[in-house]
Structures are given as structure tokens and as C-alpha cells.
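Using the sequences and the accompanying hints, generate a full structural model.
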Amino acid sequence: MFHSNNNRINTTFSKFLILFTIAIVLSVSSIISYHYVKTIRINIENLTEQTVYQTSNSIASYVSDIMQIGTTAQNFVTNNSILDKEDIEVRLSAILESRNDILTINFFDCEGNIIYGTTANNLRDHNEIKNQQWFSKALGGIGNYYFSPPHVQQLIPLRYPWVISFSKAVSYKNNKGEEEVGVLLIDISSSKLKELLETISIGNTGYLYIIDEAGDLVFHPKQTLINLGQYEEDLSSNNRKIYGKFTATYKGETRLIDIQTIDYSRWRIVGVAFINEMIMKGVNSFITILFFVLLIAIGVTILLANIVSGYITSPIRQLEKEIEKIDKNNINPKVLDRASYEVKALSKAFVEMSVRIKSLMEDIVEEQEEKRKSELDALQAKINPHFLYNTLDSVIWLAEQGDDEGVIKLVTALAKLFRISISKGHEIITLKEELEHVKNYLVIQQMRYVDKFEFSIDLPEELENKPTIKLIIQPIVENAIYHGIKYLMDVGHIDIKVTNDTDKIYIKVRDNGVGMDEETRQSLLITDKTQHLKDGNGIGVFNVNKRLILTYGEGYGLSIESEIEEGTTVTVSIPLQNDIHQIKVAKR
Amino acid sequence: MKNFTIIFISLFLIIGAVFITNNFDKQTNKEPYRIAFIRMKEGGQFWGTMRNGARTARTETSTTVDFYSTVNALDIEGQIKFINTAIDRNANCIIITPCDNEKLVEPLKRAEEKGIKVIQLLNEVDDSKGLTPYRVMTKTKAIGTALGESLIKDNKELNLNVLLVSRSPAITSSKYMIEGLTELFNESNNIEYHILHTNSPYATPTQIIENYLKEHENINTIIALDDDSSEIVTNSIIKLKKGNETTLITTTHSLSNIQNLDTGIVEKILIINSFAMGYQSIFNAIELIEGKPFQPIDVDYTIVTKENMFDKNIQMKLFPQI
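Residue numbers (the numbering used here), protein chains in the order written: chain U, 1 to 588; chain A, 1 to 322.
Simulated from the structure, these hints should not be mistaken for laboratory data. Computed from a prediction, not measured in an experiment: that's the story for all the values here. A hint or two may mislead.
[Claimed, not checked] Straight-line alpha carbon distances no greater than 27 Å define the calculated DSSO-like cross-link-like pairs of lysine-lysine that follow: (1) 312/A / 222/U; (2) 129/A / 114/A; (3) 306/A / 130/U.
Dropping the structure here:
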């Protein structure tokens with residue numbers, strides 16, 4: 001997603017920052033979650049253990065109280081030789097009145113007949129009593145005792161209270177003074193256990209329950225539901241360990257089980273914690289918080305990314321606007337002073353580049369202008385009206401003299417001269433054509449200035465078809481005639497010789513005219529037109545040189561050597577290129 | 001980027017707002033389901049235990065349960081009035097132990113048309129008239145068969161002349177129990193049976209029973225198929241001093257029934273787990289309201305005798321700690 005060339009910096013930056021933030025938040029959250037869950041689990045285990053331990057102690061304390069009361073009652077019964085029946089029952093009733101959780105305290109002989117007791121009503125038949133579990137379990141030996149699970153007591157006819165029975169084998173002296181074993185019974189309301197267990201929970205739904213030594217339920221906070229078949233407890237898991245912590249799965253729920261023994265009673269207390277529920281509760285809260293943190297983080301990241309990327313890209317956008325302005329012919333960008341170092345450097349470089357471009361553009365415009373003017377000059381050279389007038393005047397003169405051959409020669413040369421000049425659209429011609437043009441020009445001038453000069457042209461055959469821009473030699477030759485040869489007293493010579501090396505062609509135009517001083521020589525190729533206009537000397541040569549440089553570059557053009565009274569040699573250098581075909585100018 | 005930012009921040013705000021609103025709504029504005037619980041009768045161990053079952057489920061599920069019951073178990077008009085009240089109070093569900101399988105169809109259909117779910121408890125109404133048969137039941141016909149089998153097993157050598165007593169033939173629980181019993185009795189050559197419904201505008205149930213017993217002195221077994229009939233029949237037997245010569249089977253674990261069982265006046269007690277009926281029906285109602293499948297479990301029953309009444313598993317049901 002970051003490789004698209006169309007992405008903006010701030011989009012890429014924002015995306016990166018958002019993904020980075022999400023990755024960081026999720027990574028940190030995962031680590032925190034792991035430790036959080038681990039901590040919750042440890043806390044659940046500790047909480048369960050503590051709850052079970054404390055409840056176990058409370059129940060043990062309660063059981064110990066009952067046993068203490070049992071010992072007190074036992075003392076009354078054992079001392080029945082000292083205390084009479086009424087005294088014993090009064091003392092037992094006093095205990096009963098002091099404890100609202102104790103329902104009855106009775107003492108039975110081994111046949112189930114009541115001997116002492118707090119129950120005023122008639123009791124069930126002794127056979128019914130002695131067949132009950134609390135009775136038979138206690139009769140294991142002197143001091144043997146038993147805590148029953150909650151059960152419906154069958155002591156008084158037509159009464160059916162739910163009680164927990166504490167029964168204990170106690171020795172006493174019968175009416176005959178013989179020592180016998182009887183059973184002391186203390187019936188306790190099961191509400192005390194109910195209060196203890198129903199009010200304590202582990203987490204939201206965890207609970208505690210009590211089992212006996214056989215693993216059967218003694219009391220459960222959901223006892224009613226269990227009794228009426230609406231809830232089932234997982235008692236089988238308790239067989240895995242007599243004591244300690246373990247996890248078990250029951251009906252798809254993972255439960256932490258903690259079993260501890262309750263002192264004095266042969267009961268065990270079982271703590272059940274629903275681990276997943278407690279962990280999930282914490283995790284749900286955590287996920288809620290995480291969700292908010294993530295949302296806030298993403299929101300803040302977006303804003304931050306927007307602000308930062310805006311700060312970064314704003315100068316770039318400003319630069320972009322400056323560039324757009326350049327597109328609209330404004331090449332004066334401002335340097336962005338308030339941007340960052342990098343953007344400022346970029347801006348500065350851009351401004352420099354713009355200035356350079358501007359300069360180059362101006363140069364190009366100037367060059368083009370000069371080229372246009374020089375071409376115009378060349379065009380003017382092509383159709384110099386004075387030259388035409390003079391030539392035609394010469395034709396008239398020859399005609400008047402009756403020199404028909406002269407007329408024919410002159411007019412033929414003029415025609416050929418114009419053949420090259422008017423070759424519109426053919427700016428590149430062969431050297432042969434260029435020199436043919438010069439030859440015609442020289443022929444015409446020779447006829448005008450009779451016996452004034454002679455000329456020679458030396459063009460090697462292999463160079464005849466080499467290309468050159470046209471009308472570059474004629475202005476030089478013209479210059480030689482008008483400013484060199486014209487003032488000679490003797491016959492002048494103009495020699496044109498073409499040579500070449502590996503990459504250039506040299507066209508040397510040599511005259512033996514009056515020559516020129518150094519100042520004049522140097523001024524011929526300068527750009528200041530006013531220097532030429534003083535005497536009109538050299539404007540054609542200057543233009544030729546300019547055209548050559550504009551066409552072929554700085555390595556080409558004219559070089560001038562001259563010496564007063566000795567003559568002048570102008571060397572034209574052009575590139576050595578492949579041969580071309582000669583132009584064909586159709587006759588009309 | 002600007003558009004992306006605006007869209008994202010908007011989404012961020014919308015999601016956040018929805019999340020917060022949803023949580024807030026869950027925490028503060030969740031209306032508890034309102035369930036109308038219409039029983040046939042207020043008093044008695046059976047109906048009280050049923051109410052306690054519903055109450056326990058109400059506590060566990062945090063629902064609102066409006067309890068309605070008539071004084072007279074056969075008060076059809078009273079039940080129709082309660083149905084209309086439940087409709088007016090926009091109950092989500094009506095749980096009803098209908099006292100008539102015909103006359104309550106139209107009011108219950110009206111409730112159902114208003115979008116209120118209707119669960120029939122213990123007794124049925126006629127579903128051929130378009131009422132959706134959502135029912136929490138016990139296998140009453142099987143109970144009748146089990147009672148009959150138990151009776152025959154204990155009295156193999158005797159010719160039985162059995163009187164089956166119920167309040168009304170329009171109460172389907174009694175009707176199906178009678179079906180179970182009579183189908184079994186019909187297979188036996190030494191069992192004669194009578195069916196007596198005590199709902200009459202001309203005489204009280206007690207008068208009807210006493211007169212019937214006087215007229216049919218050879219009746220040696222009486223099975224009372226509901227709590228009202230059980231109480232009336234027991235009192236009549238004691239009054240007519242026919243306890244020694246009559247085998248009496250009653251229904252429900254009222255204290256008087258238990259005591260009569262303990263003293264031998266009553267031979268057997270049929271206990272239908274009315275706690276489970278009340279308890280389970282609330283959960284079934286919530287399932288229905290929430291559009292979940294209706295999956296009732298048949299409620300259990302127990303036949304108690306003097307011999308087994310203090311057995312560990314029996315005493316839990318005979319003496320519920322509620």
C-alpha cells in the first residue's frame with residue numbers, strides 16, 4: 001500500500017502512523033491481557049482459597065461450639081447420680097434457651113427410650129427413634145459422635161422440622177446404678193449453616209457447599225433447587241482429590257475447586273469458582289477499555305498525522321504552487337523561508353534552477369532573434385538590389401557595346417547565381433553548389449571590374465557533395481572584392497581552396513588585397529553592429545560567422561588572417577558530414 | 001487525505017457513540033421482561049410451592065413476575081379477568097394453569113394476537129382453535145397409570161371398587177390421569193371404578209362426595225386427583241368413619257396429607273413437582289420472549305407411602321425447604 005506512486009506523503013504518513021499505533025496498542029494490550037488474565041487467575045485461586053479457609057474456620061468454630069454444648073450436656077447426664085432428672089432437664093433447658101439455633105437436647109437409652117430431654121411432647125415410638133441414622137451412627141463406642149446432614153427429624157409425631165443432628169454416645173448410670181451407654185441428641189436448625197453458606201460467594205456465581213466423608217451433600221446454597229431436581233452438583237469431581245485445589249469441567253464450564261476439611265465434623269467444604277466467568281468479566285471490562293483506548297489512539301493519531309504531515313507537506317505544496325506559477329510564465333519563485341531545512345534547501349535549489357532557466361530562456365530567445373535577423377540579412381544578401389542593379393547595368397553596357405557573348409556570359413552567371421539564392425526551403429546545399437554560386441558571383445564581378453582580379457576555386461571531388469549551409473562564401477568574397485581587391489593598382493587574386501581533416505572541412509578564401517589592420521580584423525567578428533556600420537565593412541562576414549556558430553556550434557565559424565598590403569585569408573570551418581544530393585530548382 | 005480524515009473521524013465518533021449508547025442502554029435502560037403468572041388457586045401447598053418455584057426463577061433471571069390467582073380453583077371468569085389485565089399491562093408472556101380447556105381459548109388467543117407469548121402450565125386448553133401449544137406439563141396420563149399399577153400391586157388379592165374424584169372434567173391434568181387409571185382398570189377383571197366430578201351449582205363438593213359414598217358403600221378405594229378433592233375426600237372419610245375400610249390416595253404434599261399418611265389414614269400421596277413447574281416455566285417464558293426454541297422438560301412426580309416418606313430422596317420433595 002505504500003508503493004503507489006500516486007500516494008501523497010501525508011496519506012502514506014497517516015496510514016503508517018495508524019497501523020503503527022494499532023500494532024503498538026494491540027501488542028501492548030496482548031502483553032497486558034496475558035498478565036492480566038494470569039493475575040486474575042491467581043487472584044481467583046487466592047480468593048477461593050481464602051474464602052473456603054475462612055468459611056471452614058467459621059463452620060469449625062460453630063461445630064466446636066455445638067460439641068462444647070454436647071460436652072456440657074454430657075456432664076449433666078454422666079453425673080446423674082448427683083443430679084436428679086428434674087435438675088438435669090432444667091439445666092438442659094437453660095442451654096436451649098440460651099441458643100436460638102438449638103431446637104432440642106435429648107438423651108436416649110440404647111433402646112431409643114427418652115431418659116432426659118427438653119421436648120415436652122410425646123415422642124415417636126422408641127423403635128422408630130432407634131432406627132434413625134443419627135442414633136445408629138452415634139452408637140459406635142463411648143465418645144463417638146456424629147454430625148448428620150440436614151434431614152427431616154422424626155422425633156415428635158406429626159412434626160417434620162429440618163434439622164442437623166449432633167449425636168454422641170454417652171455413658172450414664174441407669175436406675176439400678178449400672179453404667180450404660182445412651183445417645184445424646186442435639187438438633188440444630190439448619191438455618192445457621194444456610195446463613196453461613198448462602199451469604200458467601202466467590203465472584204458473582206461461585207459458591208461453597210459441604211459434603212460428608214462419603215462425598216454426599218450435607219448442605220448446598222442451592223439446596224432447594226437440588227432437592228427439587230432443578231440443579232445438579234458435580235460431586236464426582238470431588239473424588240479426584242480429598243483436599244486441595246484443582247480445576248474440573250462440568251457441563252461445559254471450567255470450575256476451580258478448592259476442598260478443605262472442617263475440623264471436628266468429618267465434613268469437607270468445597271469452594272466452586274467459575275474461572276472463565278470471572279476472567280471474562282475482567283477481560284470484558286479490559287476489552288471495553290482497550291476498545292476506547294484504541295479508538296482514542298487512532299483518533300489522536302489521525303489528527304496528529306494530519307497536523308505533522310500538514311506541517312511537513314505544506315511548504316512542499318507551496319513549492320508546488322510556485323512551480324505551477326512557473327508553468328504560467330512566471331519565473332520568479334520565492335524562497336520558502338519558514339520551511340524545514342530540507343524543503344528550504346530544495347526551494348533554494350529550485351529558485352537557482354529557475355533563475356538559470358530564465359537566463360537560458362532569455363539566451364535562447366536572444367539567439368533565436370539573432371538567427372532570425374542574420375537569416376534576414378542572408379536573405380537580403382540573396383537579393384541585394386544594388387548588386388542586381390549594377391549587374392544589369394553591366395549587361396546593358398555590354399549590350400550597347402555589342403558584346404553579345406559578354407551579355408550571355410553575364411546573364412548566364414546571374415541566372416545561375418539566383419538559382420542557389422532562390423532555392424527556398426533548401427538551406428543546406430552541397431559544397432559544389434555553394435562554390436558554383438561563388439564562381440557565378442565572381443564571374444559577374446569580374447565582368448564588372450574588368451581585369452581587376454582573377455580567381456581560382458579548388459574543390460576536391462570527394463568533397464563536392466558534402467553539405468553546408470548556403471551563402472556563406474559569397475559574402476566573404478564580396479568583402480574581399482570591395483575592401484581588398486578594389487583598391488589594388490595591380491590585378492588582384494582571389495583563391496578559394498577547400499580542404500578537410502577527420503571531422504572538419506576548411507574553406508579558405510584568400511585575397512591579395514590591401515589587407516587590414518589588426519583592429520579592423522578583430523572588429524569583423526564582434527557583435528557590436530555599430531562598429532560595422534561606420535563604414536559598412538564586414539556586416540556580411542559577421543552574419544556568416546554568426547550563422548555558422550548558430551548552426552554548427554562554437555567549434556565552427558570563421559577565422560581571419562590579414563596583413564596590410566599582403567592580403568587577407570578567411571577560413572570557414574564546417575563539420576565534415578555525409579554526402580547529400582544536390583538541389584534541383586525547377587525552371588518555370 | 002482530508003476526506004479520509006473526515007470520514008474516519010466521523011466513523012470514530014459514530015462507533016464510539018453507538019458503543020457508549022449501547023452500553024449505557026444496557027446498563028440503565030434495559031426493561032425487565034414482564035411475565036403474568038396465573039394460577040388456578042392461591043392457597044395450598046401445591047400452588048404455594050409452584051409460586052415459590054416461579055419466585056426463585058424470577059430472582060435468578062431478574063424478570064418482573066405478576067402473580068395472579070383466584071380463590072376458587074374453578075373461577076373461569078376470574079382467570080379471564082387476569083388475562084385481560086396481563087394484556088393491558090403489556091406482559092411479554094402469560095403463564096397460566098387454565099381451569100377450563102375450552103372457555104379460556106379465546107382470551108388467550110387475543111393475548112397471543114397482541115404478541116404476548118402464552119404458556120400453558122399443568123393443564124391444557126384446546127389448541128385446535130389456533131392457539132400455539134406452548135406447554136410445561138407433567139405426564140399426567142402416565143401418572144394415572146403409575147398410580148393404578150401401584151394400587152393393583154398392593155392389593156392383588158382384593159376386588160377393588162375405586163372412586164376417582166376430581167373437581168371438573170374440563171381440567172385436563174385430572175382428565176388425563178383418569179384416562180391412565182381407567183385404561184389400566186379396564187384391563188383388570190376385579191376392578192370396578194366410578195368417576196366423580198365435584199363441581200356442581202347445586203351442592204358443595206363435600207356434600208357430593210359424602211352422598212356418593214353413602215350411596216355406594218362398597219367403594220373401598222378413593223383416588224383424589226387434585227388438592228381440593230384430596231382435602232374434601234379425607235375429611236369426608238374421617239367424618240364417615242370409613243378410614244379403616246377405605247384405601248385413600250391423595251394428591252399434593254400438604255401438611256394434612258402428610259400427617260394423614262403418617263397416621264395411616266392416607267395410603268399414598270401423589271406429589272407433582274410444582275416447584276419445578278413454576279421454576280422452569282419462567283425460563284421457558286424467557287426463551288420464548290427471546291425467540292429461542294421452546295424446550296420444556298416434563299416435570300417429575302413421586303408416589304409417597306408411609307414406608308418411604310423419610311427416605312433421603314423422598315423427604316426432599318415431601319418437605320421442601322422453601
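Discussion item. Given the hinted pair residue 312/A and residue 222/U, is their Cα-Cα distance within 27 Å?
Written reply: Holds, because 17 Å separates the two Cα atoms, which is no more than 27 Å.
Worksheet entry | 27 Å limit on alpha-carbon distance, applied to hinted pair residue 129/A and residue 114/A | holds, 17 Å
Item to complete: With a cut-off of 27 Å on the C-alpha distance, tell me whether residue 306/A and residue 130/U pass.
Response: holds, 18 Å
The structure fails none of the hints (numbered hints given earlier).
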